[in-house]
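Q: Residue numbers (the numbering used here): -1 to 518.
Where hints are given, some of them may not hold.
Stated by the list, open to error - Here are the computed lysine to any residue pairs in the SDA-like style, where the Cα-Cα straight-line distance is at most 20 Å:
| id | residue 1 | residue 2 |
| --- | --- | --- |
| 1 | K434 | V459 |
| 2 | K338 | V210 |
| 3 | K498 | L447 |
| 4 | K67 | Y409 |
| 5 | K491 | S248 |
| 6 | K225 | P68 |
| 7 | K37 | R75 |
| 8 | K136 | P183 |
| 9 | K242 | K67 |
| 10 | K298 | L368 |
| 11 | K37 | D197 |
| 12 | K360 | T325 |
| 13 | K298 | K338 |
| 14 | K498 | D346 |
| 15 | K225 | D197 |
| 16 | K360 | Y409 |
| 17 | K491 | D346 |
FYI, nobody ran anything at the bench for these hints, they're computed from the structure.
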Amino acid sequence: MVYERQPQGTVSPMETYYYSSMDMSRAQIAYGELMVSSKTKTEEQIRYTIEGLDSLNTVISRDEGEMNKPIELSPGRYRVTLDDEGALSHIVNIKPRFRTEVMPNWSELQVVILDQSKNRVRMSYDLWVKNENTHGYKSHSGGMISMGDDEVGAVDKLWILPPGQYLVKLGGGTWSDLRNFVTVPLREGDTKVLTMIVDPAGEANFLIGAGVFTDDDLGFGSRRIHKGAIHGNINLSSNNNVDKDKPTTSFTLSGQFDNSLDIHDQISPFHFTARSLYDLGLNISNTSDFRFNLDDYSLKSVLLLYPFEKNRFLKNFAFYGRADQSTHFFDETTFFTENKNYVLMDQDGFQKDYRIDQPSLKTKESFFPLRLKEGTGLTYRINFGSSGWISLRGGYGWQQDFNNNSYRYVYSGDRDYDGTMRRYDFYREDPDRSSKGLESTVILSAINLLKFFSINSTLDVLFPMGTPENTYRLENENRFNIRVYRNVSLDIKLNIQYDKEKKPWVVYDTSSFLRLSLFY
-1 MVYERQPQGT VSPMETYYYS SMDMSRAQIA YGELMVSSKT KTEEQIRYTI
49 EGLDSLNTVI SRDEGEMNKP IELSPGRYRV TLDDEGALSH IVNIKPRFRT
99 EVMPNWSELQ VVILDQSKNR VRMSYDLWVK NENTHGYKSH SGGMISMGDD
149 EVGAVDKLWI LPPGQYLVKL GGGTWSDLRN FVTVPLREGD TKVLTMIVDP
199 AGEANFLIGA GVFTDDDLGF GSRRIHKGAI HGNINLSSNN NVDKDKPTTS
249 FTLSGQFDNS LDIHDQISPF HFTARSLYDL GLNISNTSDF RFNLDDYSLK
299 SVLLLYPFEK NRFLKNFAFY GRADQSTHFF DETTFFTENK NYVLMDQDGF
349 QKDYRIDQPS LKTKESFFPL RLKEGTGLTY RINFGSSGWI SLRGGYGWQQ
399 DFNNNSYRYV YSGDRDYDGT MRRYDFYRED PDRSSKGLES TVILSAINLL
449 KFFSINSTLD VLFPMGTPEN TYRLENENRF NIRVYRNVSL DIKLNIQYDK
499 EKKPWVVYDT SSFLRLSLFY
């Protein structure tokens, strides 16, 4: 195939000049092009080795390519190796201004693990290959992980394999256990998706059935846009939100309801995602009795427009519009270990009410404080293959805080309101706020690191405009997940906030969960 690079579709004069200059430069160097393509469509970055050879087949250079992406090479003779064992090796000759495509002599296999509700399940499996000279199977690769429904952005591994007879076994152990396994023959040029149906809660035997199906066989004619999960949590947390040097420590037994909506193919070139999290639970701490008090709801949604979706150089640029909110559904009450006297003040510090010898105080009412964040601007996404990505956003943002009847402790003092001097705790209503200015966001998602560790992190910074104070508002949300066994994991959260108008120090909130997840 003759090597030609031309801009596709309607392009601007700047793009035309860019491509013309690039082609002229490369024509002078007289590079050739190598293309190794997979038959299966995948977003995974599959790498292979390129070795330059001289006339005696001595290796004189070494490079690395990526499947489904052309790579430019100097004219000459090369050996292309797709696997570690060297069983999939090709000798190619690169000619100037020509593209050389490698004809596939390999097989392709994907392993998808589902439960009986057709939800993807994260589970380990081993791949074995039949011995050609002896009986039985030998290990090809161990400790691989299928992707679960909660791992957004992750894709199941695409195996590039020599033709042969393969065995896939779930849950570890050797092939000779003859339990939780299925065999699949692969001939040269085959592309197969092996679907395994499991019962994740099973003890020794959790494989229900397996086979090579098409999407239509399983009813996957349309892309699933909604995903849901229920997580059961045991939580140990501490934070210094009230007192910088005296953190509150608490133990919580809670449930988390996680729902996400992802619409892309239906509204291309737009991409809409929304995710809601609701936590509800029981809590005991060093400052209160055992109570129902975990009640947090957050909704984050973003609409992306990819104007250059078909341009491979600019496809990761997008315009974004986002709207986030966080609130709670029930009244929140602070219970005192001993009856106290307290004074309530409004947002300006004037007295509203006082009470004597009270066992508790309602510090928040339903839906307040309500925090809203909106923004619009430009975003760019950098992909690191199937293991992760990072998204950079910059634009104009708004933030609103509504604090109707939301009180926080300010100080204690002696006062005489009814002819008797008493000790009172003073609580002040937080003021409503509205800020707008330049916003910057960094979102990092890394999944299945070392086959058991994942991290999701969001850093939000707003630089207010039109305000007398020269400061910024910062929020950093981090979630670390360590897989323990099947749907059981250790979930660690670390949230950091800095807002000088609220508190003149960095406020942190840490949580650790031993989590059991059920997907629907």
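Q: For every hint, state whether the structure bears it out.
A: Here is what the structure says about each hint:
no.	hint	result
1	K434 <-> V459	holds (11 Å)
2	K338 <-> V210	violated (69 Å)
3	K498 <-> L447	violated (36 Å)
4	K67 <-> Y409	violated (64 Å)
5	K491 <-> S248	holds (15 Å)
6	K225 <-> P68	violated (35 Å)
7	K37 <-> R75	violated (25 Å)
8	K136 <-> P183	holds (15 Å)
9	K242 <-> K67	violated (53 Å)
10	K298 <-> L368	holds (14 Å)
11	K37 <-> D197	violated (31 Å)
12	K360 <-> T325	holds (16 Å)
13	K298 <-> K338	violated (39 Å)
14	K498 <-> D346	holds (18 Å)
15	K225 <-> D197	holds (19 Å)
16	K360 <-> Y409	holds (17 Å)
17	K491 <-> D346	violated (35 Å)
Hints 2, 3, 4, 6, 7, 9, 11, 13, 17 from the list above are not met by this structure, while the remaining hints are.
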